[in-house]
Each structure stands twice: as structure tokens, then as C-alpha cells.
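If you want the building blocks of each chain, they are given just below.
Number of protein chains: 2
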Amino acid sequence: MQNKDIKTLIQLLSRLPGLGPRSGRRAALHLIKNKDQFLNPLRETLGIVGDSVRQCAFCGNLDTTEKCYICLDDKRDHSCVCVVAEVEDLWAMERAQVFSGTYHVLGGTLSAIDGIGPDKLAIQHLINHIKTGTIKEIIIALSATLEGQTTAHYLVDRIQDFDVQVTRIAHGMPVGGELDYLDEGTISAALKARTPL
Amino acid sequence: MQNKDIKTLIQLLSRLPGLGPRSGRRAALHLIKNKDQFLNPLRETLGIVGDSVRQCAFCGNLDTTEKCYICLDDKRDHSCVCVVAEVEDLWAMERAQVFSGTYHVLGGTLSAIDGIGPDKLAIQHLINHIKTGTIKEIIIALSATLEGQTTAHYLVDRIQDFDVQVTRIAHGMPVGGELDYLDEGTISAALKARTPL
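For the record, the sequence lines run as chains Y and P. Per the numbering used here, residue 51 is the first one in the first sequence, and the count goes up by one each step. Per the numbering used here, residue 51 is the first one in the second sequence, and the count goes up by one each step.
Treat the hints with caution; some may be incorrect.
Which copy is meant is left open, because identical chains are indistinguishable; a pair holds if it fits in one copy or across any two.
DSSO-like, lysine-lysine: derived pairs with alpha carbons at most 30 Å apart [claimed, not checked]:
| no. | residue 1 | residue 2 |
| --- | --- | --- |
| 1 | Lys54 | Lys117 |
| 2 | Lys125 | Lys181 |
| 3 | Lys54 | Lys242 |
| 4 | Lys85 | Lys170 |
| 5 | Lys85 | Lys57 |
| 6 | Lys170 | Lys117 |
No lab work stands behind these hints, which were simulated from the structure alone.
The whole structure should be built from the sequences, with the hints applied where relevant.
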């Protein structure tokens, strides 16, 4: 029906997370109708990002340099490493602007169903990092899902032989959350982890 | 916080219709993590589309050729022209696969609020096309909104001096629609346009 290049563009856009065939068509038309403001800048940026962005050899974050801007930052505490599953989790932590240590991106979580074992994640890389003796604390910031917690326990097992403190970010009621809307699992976790007031 | 090129990519993606900051971030990561399957094909396709797709000089549809695939198709009825507001409307008509004539894309609808007068739409172009004497019927397929109907009436005014039949697609109950859920305007239109059974 349509021109084949436009069709390809729509198909590619439709496969972006959050978009479907309808929004893919809208996005494609938006790009075509705004070539100078939109299509060309996007094409250029994709070129730059595609050619130069890579994983930081040290922590797994994305940057154009071999060591990322966080690993290169002397003001950050390199003895405190926050372990996250994916780069988006690292970004989420950074948006909160409350963590001044460095990161380690695992590249996923253990999942028997999806066939993701320890060898598919950057776990040995983390152990090697611990062996250098520069890390004092490892903060595990994995999702509070079955896979996240399985991975957390596996990590604790692997790390326990080293002289490193391992902590986990707290589970409980989200700030701004209402008790009435909380699921049983969260209420149970929040109750168990209650703190003196 | 992030690398500036990744930031630019996120910003550009966030501005696509249907996406916001959160889905823009997800889309950017999806692209970066799947360079070969996704980022590079998208970049290439944007290049091709950006360089070669343009409006058909005849009807306003988008294609890489000067005359689009519809205008070039001898099997289509060139004496019956369907007037639509935007290219997306033309695509919607084509998806229905029930129209075998050709199109004329106005490029919008008249809107006093947005300052869109007849000179900003491809109306004179349509009149010139009518003057060639090849058109027998003009089907107006504009949205059933205030702007769409204002534009339809304006077109009828402009076309009435020519020997061309002007029709409008029917307004009524959408197929699959339930009477109970219809707004008063649609019920009124459907009742007025009732047909013998």
C-alpha cells in the first residue's frame, strides 16, 4: 500500500517499547512532516550514538568514553558500589540524586524460565572487582521481584567470603503511598523492616 | 547526568507523538542495546526516507516518486477524487480497501483559531485540477468536527460553479457501535440520514 521505505520506518517505530502500529504511523508522519526539526536531528543523533556509545568497561553504564563519567568522577566514593540490573536502573538512581558512590550493572537478573544463568550476567566481573580490595560496601539495588531477589541472594552467597559489607535497599511503603492501596507483600515487608521512631 | 548524545536521543524520542520522557528513555535504551537489529536499520531508513520521500505534486500523498503510486496507477478511477485533510486520513481510507479512485490531500482544515485560512491549504490546487475537466465526482472525507465541516462547506462553495458532483461520506452510527453509547450529535445525524430498508 504505502511506499516501502515509509513502511519500513513505520515498522521500526512500531517496535519501539511503548509504541504500536497506530502510534508508529503517527510518529513516522510526524518525522516526515518535520524533516528539519525532527527527522534529520534524530538521524544524526542515531548516527553519533550508534557509532560512539558503548558500555563502560568498568561498571556497564553507557557512555562514549571507555570509562564512563561516573567511574571517571573523583568526587564519587569508589569504595561503595551499587549493584543494579540494567542501565535504566542506574539512571533511575542517578535521577534521585542521593547516591554518591559508583555502580555495577549486571545486565539483567537470574531467570530460570528465560535461561539466564550467572554466566550471562556481569557477576564474575563484579567478583574480580571485589578481589582488587578497593570496595568496602556493596549496595544491592535490584527489583523486589522473584528474579531480583533470587539474584540478590546468589550475589550474597558469592560475596560472603570477601571482607565487604553487603546491604540491600529497603523494601516498604513507597513515599506518597497509601496503606489502603498497598499489596500484602509490601505491607508484610514494611512491617518486618519497621524502625524505631 | 547522562552522556549528552544519549540525552539528545532521549529528548528527540520523547517528542514523538505518543511518547513522553519515560518511554523516550526506554526507547533510547532499546535502540542502544539492539544496535544491529534496531538502531542501525532505523538510522538507515531515516536516511532514505529523509532524503527521498516527498509530497506527490499531484495529490499530496507521500512517496519517493514525483507522482505517487496511487496517481500513477492506471487501474484507479482518476475521475473520482476523495478529498482528505491529512496523509494519515488517506492511509486510513486505503486500509479500508474500498475506494478505487484517487485522492487530494488538503494539508489540514480551515481553523480561525489556529489562523489557517484557505490559502494555507491545497484548495486552489484542487480547483486547478477540477478546471482540467477530468474530475466527475469529488468525495469529501473530512472529519466530522467543526473545522472539518467548515472546510467541507467552503469547498462546496468553491466547487459549485463547476460541472462536478460533490458528495460527502455518511455520518451515522459506527459499525459495531451501540446506540446506548452514541452521543446526541451522532444519533441526530444518523436519524436525519436514515435510509429505506
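The hints, checked one at a time:
1. Lys54 - Lys117: between (41 Å within a copy, 15 Å between copies)
2. Lys125 - Lys181: Answer is within; shortest intra-copy Cα gap is 23 Å, inter-copy 74 Å.
3. Lys54 - Lys242: Neither, since 59 Å and 42 Å both go past 30 Å.
4. Lys85 - Lys170: Between copies only: 19 Å across, 41 Å inside.
5. Lys85 - Lys57: Intra 17 Å, inter 20 Å, cutoff 30 Å: intra and inter.
6. Lys170 - Lys117: within (22 Å within a copy, 52 Å between copies)
Checked against the numbered hints given earlier, the structure breaks only hint 3 and satisfies all the rest.
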